[in-house]
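Visitor: Using the sequences provided together with the hints, build the complete structure.
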Amino acid sequence: AQKITQTQPGMFVQEKEAVTLDCTYDTSDQSYGLFWYKQPSSGEMIFLIYQGSYDEQNATEGRYSLNFQKARKSANLVISASQLGDSAMYFCAMRESLSGAGSYQLTFGKGTKLSVIP
Amino acid sequence: KAGVTQTPRYLIKTRGQQVTLSCSPISGHRSVSWYQQTPGQGLQFLFEYFSETQRNKGNFPGRFSGRQFSNSRSEMNVSTLELGDSALYLCASSLLRAVGTEAFFGQGTRLTVV
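Protein chains in written order, with the working numbering: chain A, 1 to 118; chain B, 1 to 114.
I should point out that these hints are in silico values taken from the structure, not numbers from a laboratory. Computed from a predicted model, the values in this text were never measured in an experiment. Using N, Cα and C, we set each Cβ at its ideal position, and we do this for glycine too. Be aware that a few hints might be false.
So, partial list: chain B residues that the calculated Cβ filter (under 8 Å) puts toward chain A [claimed, not checked]:
1) Leu-88
2) Phe-104
3) Phe-105
4) Arg-110
So these bits of chain B aren't anywhere near chain A, every CB distance computed over 12 Å [unchecked claim]:
5) Val-19
6) Thr-20
7) Ser-79
Guide: Below, the structure written as structure tokens:
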């Protein structure tokens with residue numbers, strides 16, 4: 001089973017509108033971290049926002065917020081007031097503690113390509 | 001503060017050759033991880049180094065290897081290149097090895113095998 005599932009291969013949003021990118025995850029760990037990254041066509045992965053499994057409040061960073069629903073194992077990214085520069089690939093990722101196995105790798109979803117329309 | 005630097009940015013190699021990619025992490029970061037990104041497989045974990053020791057390795061053949069130096073700079077090597085090794089190779093550095101630690105990525109090395 002996939003650990004990170006992003007069901008939207010592509011999304012379109014009108015400039016200045018809000019958009020939600022979906023992410024569900026699968027883990028048996030109690031302690032884990034969820035991350036969202038933006039990848040423009042240049043290739044660099046840009047960190048956007050982080051949510052810890054024990055965080056009770058949803059994370060926010062400027063125009064980005066994370067809608068964390070732990071029981072449903074979902075961590076959706078909400079981008080408010082979309083801008084043309086938001087057009088990029090967006091990846092949801094998880095870092096698990098793997099019960100002390102000593103592995104801290106990031107596991108990524110397949111990504112969602114967001115296109116902002118003027 | 002300088003970010004993660006990967007060199008070279010682009011490479012074209014012939015099947016059967018070997019290649020070495022370099023990654024300089026953010027100053028003070030001791031954890032360096034490598035990822036391969038292809039259109040078909042997405043982002044896949046290659047290996048992680050911390051304090052010059054490989055801590056974890058992904059499901060890749062032995063042709064893929066790496067190392068980390070005392071200044072935390074890391075190199076990865078791919079021997080006997082295959083067409084399927086064409087990919088964007090991303091390096092990420094982290095301050096700590098912990099669940100909540102942010103990973104900072106470089107711009108990647110785009111490898112084309114012909």
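Visitor: For every hint, state whether the structure bears it out.
Guide: Hints and how they fare:
no.: 1; hint: Leu-88; result: holds (6 Å)
no.: 2; hint: Phe-104; result: holds (7 Å)
no.: 3; hint: Phe-105; result: holds (4 Å)
no.: 4; hint: Arg-110; result: holds (7 Å)
no.: 5; hint: Val-19; result: holds (17 Å)
no.: 6; hint: Thr-20; result: holds (19 Å)
no.: 7; hint: Ser-79; result: holds (23 Å)
When held up to the earlier numbered hints, the structure conflicts with none and fits them all.
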